[in-house]
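A.B. asks: Order-wise, the sequence lines are chains A and B. Sequential numbering from 1 applies to the first sequence in the numbering used here. Sequential numbering from 1 applies to the second sequence in the numbering used here.
For the record, the hints were derived by calculation from the structure and aren't laboratory data. Treat the hints with caution; some may be incorrect.
Unchecked claim - For the chain A half of the interface with chain B, some residues (derived, Cβ under 7 Å), not all of them:
#1 GLY122
#2 ARG188
#3 ASP193
Quick caveat: nothing in here was measured; it's all calculated off a predicted structure. C-beta atoms are modelled at their ideal positions from N, C-alpha and C, and glycine is treated no differently.
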Amino acid sequence: MQLLQQIINGVTIGSFYALVALGYTMVYGVLKLINFAHGDLFMWGAYLGLTGVSLLAGLAGAGQPWMAVPVITGVLALIALTGVLVERVAYRPLRAAGRLAPIISALGVAFILESIARNVYGARWRTYPTGVAPAGGFVLAGSVRISTMQIAVLVISFLLMAGLYLFVQRTRVGTAMRAVSLDHTVSRLMGIDVDRIIALVFVIGPGLGGIAGVVVALYYGSFDFTLGWSFGLKAFIAAILGGIGNIPGAMLGGMFLGLVETLASGYISPQWKDVIAYVILIIILIFRPTGILGERVAAKV
Amino acid sequence: MSLLHIEDLDTYYGYVHALKGITLDVETGEIVTLIGANGAGKSTTLRAISGLIPIRGGSISFDGQPLNGVPAHKIVERGVSHAPEGRHIFGTLTVTENLNMGAYILGKDQDAITRNRERVFKLFPRLEERRRQLGGTLSGGEQQMLTIGRALMASPRLLLLDEPSLGLAPLLVRLIFDTIREINAAGVTVLLVEQNARAALKIAHRAYVMETGRITLAGDAAALLADERVRKAYLGEQ
Ligand SMILES: Nc1ncnc2c1ncn2[C@@H]1O[C@H](COP(=O)(O)OP(=O)(O)O)[C@@H](O)[C@H]1O
Ligand SMILES: [Mg+2]
């Protein structure tokens, strides 16, 4: 019983990690760049969501669950736009400049985004108005319960991930995205506009991160400006664990990390959950340096 | 008017002056081959045509339209497909997906894509047998077939082939050269870069010989095949 409850909680947190991990992994796929700014884009999703929800709650007098819909949509658009802008301004000019300069640029963008957030929203913890996150829940069996918010998280994550997977695997543009991940030059010879595909990745990755930002903030209720760094780093680890550059890997890595953390916290001790989770991570990487679904086939070509 | 006209072309890799004033023509319907030693600048010439490296001097025009400054992905749309040296298929995409990427510029025109795929499968039945396999799991010969087939998927008017016989067993080399002839007979103009000069000269109408970034000889393929200098330098005869 206890186990089932832990799994429900673990999968919920795992979906957050997975949604954010997708942004790291997709950008790494097409640019071989670790987009350190991604965690902060995710955090900005939480802050912009706060502004949106507070605005609507102020107008309506109180927070309502429906408010999540326009707010998530708006945040998705704004964060996607910011993502595209970051790529255009901070990464594209450095594309021919080797591996180090873009990484430094990414760290720079991360600090910029974090500092602006702290200056605009303050360093203290911020709380979403109540009434927006759906209340209530269902008892599954005995003491095992799933909250309405958890159901919402699972449904949203599943739809987003399934949609992304189908897009990447089944559509022409999704296949072009995989082609660009493998070889920019040959992709250009196919008539693929590589810059546009990269821009699209910076719409989808940060877009998903922005959605995750709002949903995470709704789930936990409050957060501060360190969210991007702490939570973002874990999502990045989930991406590595699944095999960076691999989209199903990011989903799997996120779920795995969420479950391990929750189980370690529930069965051993919350204080030791990170120790246990990262010992497991290191062991996996020793045996599979490319991550769980990391590909070796590409190296053969 | 030539289908492809290159006039006094100069390109650089950093400070390396790779092409030093190349002038070359390809007429509609021809197979033209570009031969020469390793490092002569043959691949560079093809890269300049398909827009992968910038033109620093001179001009390239295709079908009367200048290609200078046109990005690579737009040049495919004009009707030039490039099967690069060393194959470079997409290893984790299936054979079918690789072919679909070749047809990327056709957009959602499923009829044209299917028609082109059928044509490629007719040329290379092996690819049809392997259509669900990942590109990276194909043999070297099959990967070469896929590289050529993928380039044909865009319905090109000019096909640029870079060393299609490189590293292949003699039987496969024969098959590839026969297929190039077949592709040409179906109306596709071919510019063929080869180190296997003898085989290339046998199927080509005309040929150019390159040395260190310059064209040193040009003429009918049959005449070059009989030329003393070509026989000594490129056909391994004494
Ligand atoms: N990416 C590159 N960077 C620098 N120099 C290059 C590059 N590619 C080719 N070269 C140089 O340009 C010249 C022509 O090369 P290439 O066109 O590949 O010759 P070929 O195809 O005839 O063997 C050679 O001297 C080669 O070393
Ligand atoms: Mg070459």
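A.B. asks: Each of the hints needs a verdict: does it hold here or not?
C.D. replies: Cross-check of the supplied hints:
At its closest, the beta carbon of A:GLY122 sits 46 Å from a beta carbon of chain B; the interface hint therefore is violated under the 7 Å criterion. For A:ARG188, the interface hint holds, the least distance from its beta-carbon to any beta-carbon of chain B being 4 Å, beneath 7 Å. At a threshold of 7 Å, the smallest CB-CB gap from A:ASP193 to chain B is about 5 Å, leaving the interface hint in force.
Violated hint: 1 only; the structure is consistent with all others.
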